[in-house]
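Numbering (our numbering), first residue to last: 3 to 297.
Check each hint, because a few of them may be wrong.
[Claimed, not checked] With beta-carbon atoms standing in for the labels, derived distance ranges:
no.	residue 1	residue 2	range
1	Ser-52	Val-222	39 to 47 Å
2	Lys-259	Asp-33	16 to 24 Å
3	Asn-68	Ala-125	20 to 28 Å
4	Arg-225	Asn-151	19 to 27 Å
5	Lys-267	Lys-137	37 to 45 Å
6	Pro-147	Gly-80	38 to 46 Å
7	Thr-93	Lys-114	18 to 26 Å
8	Gly-80	Thr-264	28 to 36 Å
9	Asp-178	Asn-278	39 to 47 Å
10	Pro-260	Glu-79	25 to 33 Å
11	Ala-243	Thr-128	34 to 42 Å
12	Lys-259	Lys-288	24 to 32 Å
13	Asn-278	Asp-160	19 to 27 Å
[To be verified] Straight-line C-alpha distance at most 25 Å; calculated BS3-like pairs for lysine-lysine:
no.	residue 1	residue 2
14	Lys-137	Lys-65
15	Lys-254	Lys-200
16	Lys-288	Lys-113
17	Lys-114	Lys-137
18	Lys-288	Lys-114
19	Lys-288	Lys-273
20	Lys-273	Lys-254
21	Lys-137	Lys-102
22	Lys-102	Lys-113
23	Lys-102	Lys-114
24	Lys-267	Lys-65
25	Lys-217	Lys-267
26	Lys-288	Lys-208
27	Lys-150	Lys-114
28	Lys-217	Lys-200
29	Lys-208	Lys-114
30	Lys-113	Lys-137
31	Lys-114	Lys-65
32	Lys-217	Lys-259
33	Lys-288	Lys-267
34	Lys-200	Lys-161
35	Lys-102	Lys-65
Think of the hints as simulated: they come from the structure by calculation, not from any bench.
Note that the Cβ used here is the ideal one computed from N, Cα and C, for glycine as well.
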Amino acid sequence: MIRKIVLIYCIMLVTHFAWSQVPVSQVYLFDLQSLADGHTVVHTPRLLTSFNNAGYNNQPFFKNENELYLTVQIPQEGESDIHLFNLITRTRQRITFTPKSEYSPVVTPDKKYISCVRVDDAASATQRLYKYENKPRGQEISVLPDIKNVGYHTWLDDKTVALFLVATPNQLAIVDIESRDPLIFTSDIGRCLASTDKGHLIYVHKISSEFWYIKEYDPVTQRASIITETVPGSEDFAISADGYFIMGAGSKLFVYKPGVDTSWKEIADLKYFGINAITRLAVNGKNLALVNLSK
Numbered sequence: 003m004i005r006k007i008v009l010i011y012c013i014m015l016v017t018h019f020a021w022s023q024v025p026v027s028q029v030y031l032f033d034l035q036s037l038a039d040g041h042t043v044v045h046t047p048r049l050l051t052s053f054n055n056a057g058y059n060n061q062p063f064f065k066n067e068n069e070l071y072l073t074v075q076i077p078q079e080g081e082s083d084i085h086l087f088n089l090i091t092r093t094r095q096r097i098t099f100t101p102k103s104e105y106s107p108v109v110t111p112d113k114k115y116i117s118c119v120r121v122d123d124a125a126s127a128t129q130r131l132y133k134y135e136n137k138p139r140g141q142e143i144s145v146l147p148d149i150k151n152v153g154y155h156t157w158l159d160d161k162t163v164a165l166f167l168v169a170t171p172n173q174l175a176i177v178d179i180e181s182r183d184p185l186i187f188t189s190d191i192g193r194c195l196a197s198t199d200k201g202h203l204i205y206v207h208k209i210s211s212e213f214w215y216i217k218e219y220d221p222v223t224q225r226a227s228i229i230t231e232t233v234p235g236s237e238d239f240a241i242s243a244d245g246y247f248i249m250g251a252g253s254k255l256f257v258y259k260p261g262v263d264t265s266w267k268e269i270a271d272l273k274y275f276g277i278n279a280i281t282r283l284a285v286n287g288k289n290l291a292l293v294n295l296s297k
């Protein structure tokens, strides 16, 4: 059975591809603990971004169990950069130092780089995929210089990346970084992309304003299958090490385990912690990071 997540009292990014006005947001970290009875406990919430209460803090991505990447824009500094948080020492360091804005950090499959979307020209909404050495002021490399409308991305393997392409409607493409030829296979998709150990792509397909589905795409067969509907109105998800999906809506968290559940299960209401607009989520073996939009 799916391990229910229980909240113990221990204490959206709005899609705007020119990134010209980013919303005020905060990132919280929860501990995850597995109990002997099969439950998973969410406890010890803590605010990671108190240093930037009036700024933009978003797009969490775990480097490992003890380190977390975030996109951070401090109002007085102007541009957004990628920061790395050490969850043990509770320290942070800035990774990117370019005059441009970087978003959506992802660790590359070889673990040597982080890739991110960089706004090369805000006026023309030119956004390319770059990768940076996994250290402060590391070498930068333009991964796909000819593709200028990258919104979000995830890696399927060392040579294959999935791209959310900004268009009308938005498109989803698979790209071999050596041939650089995008295979566009669907449109009307959500911003959240994830990959599986098999190299499959997980994404949200917005078939209509009412029906949004989480799907799994196999790049070998070039076929997609439905996993489940999303929580109504939500497009951001995370996948746990146990294979269950986590989504947020408002102040609430939901879980769904394929092959076990027939619908989403509400497992926590975080309004008592001042969390009322959950968007982005990330999980590792022991933590859940979530973004709360300020209202």
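Going down the list of hints, with the structure as the test:
1. Against the hinted window of 39 to 47 Å, the Cβ-Cβ separation of Ser-52 and Val-222 comes to about 46 Å, which satisfies the hint.
2. The hinted range of 16 to 24 Å is satisfied by Lys-259 and Asp-33, whose Cβ atoms lie roughly 21 Å apart.
3. Taking 20 to 28 Å as the suggested C-beta distance range, the pair Asn-68 and Ala-125 does not conform, at roughly 40 Å.
4. At roughly 25 Å, the beta carbons of Arg-225 and Asn-151 sit within the given window of 19 to 27 Å.
5. Look at Lys-267 against Lys-137: about 41 Å separates their beta carbons, and that is inside 37 to 45 Å.
6. For the hinted restraint 38 to 46 Å between Pro-147 and Gly-80, the CB-CB distance of approximately 24 Å leaves it violated.
7. The given range of 18 to 26 Å is respected by Thr-93 and Lys-114, whose C-beta atoms sit roughly 22 Å from each other.
8. At about 48 Å, the CB distance of Gly-80 to Thr-264 disagrees with the hint of 28 to 36 Å.
9. The hinted range of 39 to 47 Å is satisfied by Asp-178 and Asn-278, whose Cβ atoms lie roughly 42 Å apart.
10. At about 42 Å, the CB distance of Pro-260 to Glu-79 disagrees with the hint of 25 to 33 Å.
11. In this structure the hint that Ala-243 and Thr-128 lie 34 to 42 Å apart at CB holds, the actual value being about 37 Å.
12. Distance hint for Lys-259 and Lys-288: a CB-CB separation of about 19 Å, inconsistent with the stated range 24 to 32 Å.
13. Between Asn-278 and Asp-160 the C-beta distance comes to about 40 Å, which lies outside the given range of 19 to 27 Å.
14. Restraint check: the Cα-Cα separation between Lys-137 and Lys-65 comes to about 12 Å, which is no more than 25 Å; the hinted pair holds.
15. Note on Lys-254 and Lys-200: the hinted pairing is violated, with a Cα-Cα distance of about 30 Å set against a maximum of 25 Å.
16. The straight-line distance between the Cα atoms of Lys-288 and Lys-113 is roughly 20 Å, inside the 25 Å bound, and the hint therefore holds.
17. The hinted pair formed by Lys-114 and Lys-137 meets the criterion: a straight-line CA distance of about 9 Å does not exceed 25 Å.
18. Note on Lys-288 and Lys-114: the hinted pairing holds, with a Cα-Cα distance of about 23 Å set against a maximum of 25 Å.
19. At roughly 22 Å between alpha-carbon atoms, Lys-288 and Lys-273 fall within 25 Å of each other, so this suggested pair holds.
20. Simply put, Lys-273 and Lys-254 have alpha-carbon atoms about 8 Å apart, close enough for the 25 Å limit, and the pair holds.
21. Our distance criterion of 25 Å between C-alpha atoms is met by Lys-137 and Lys-102, whose separation comes to about 18 Å.
22. At most 25 Å may separate the alpha-carbon atoms for a hinted pair to count; Lys-102 and Lys-113 meet this at roughly 24 Å.
23. In summary, the hint linking Lys-102 to Lys-114 is supported, as the alpha carbons are separated by about 22 Å, within the 25 Å threshold.
24. A distance of roughly 28 Å separates the Cα atoms of Lys-267 and Lys-65; the hinted pair therefore is violated under the 25 Å criterion.
25. Taken as a hint, the Lys-217 and Lys-267 pair is honoured in the structure, with Cα atoms around 19 Å apart against an allowance of 25 Å.
26. Using a Cα cut-off of 25 Å, the hinted pair Lys-288 and Lys-208 is violated, with the two alpha carbons roughly 31 Å apart.
27. Distance hint between Lys-150 and Lys-114 is fulfilled; the C-alpha atoms sit about 24 Å from each other, no more than 25 Å.
28. Taking the CA atoms of Lys-217 and Lys-200, the gap is about 15 Å. The hint holds against a cut of 25 Å.
29. A C-alpha spacing of about 34 Å is found between Lys-208 and Lys-114, which places the hinted pair above 25 Å, so the restraint is violated.
30. The straight-line distance between the Cα atoms of Lys-113 and Lys-137 is roughly 11 Å, inside the 25 Å bound, and the hint therefore holds.
31. Distance hint between Lys-114 and Lys-65 is fulfilled; the C-alpha atoms sit about 11 Å from each other, no more than 25 Å.
32. Distance restraint check for Lys-217 and Lys-259: the Cα-Cα separation of roughly 14 Å lies within the 25 Å cut-off, and the hinted pair is therefore satisfied.
33. The hinted pair formed by Lys-288 and Lys-267 meets the criterion: a straight-line CA distance of about 20 Å does not exceed 25 Å.
34. Between Lys-200 and Lys-161, the direct Cα distance comes to roughly 14 Å. Compliance with the 25 Å bound is thereby established for this hinted pair.
35. Between Lys-102 and Lys-65 the alpha-carbon distance is near 23 Å, which keeps this suggested pair within the 25 Å criterion.
Comparing the model with each earlier hint shows violations of hints 3, 6, 8, 10, 12, 13, 15, 24, 26, 29; every other hint is respected.
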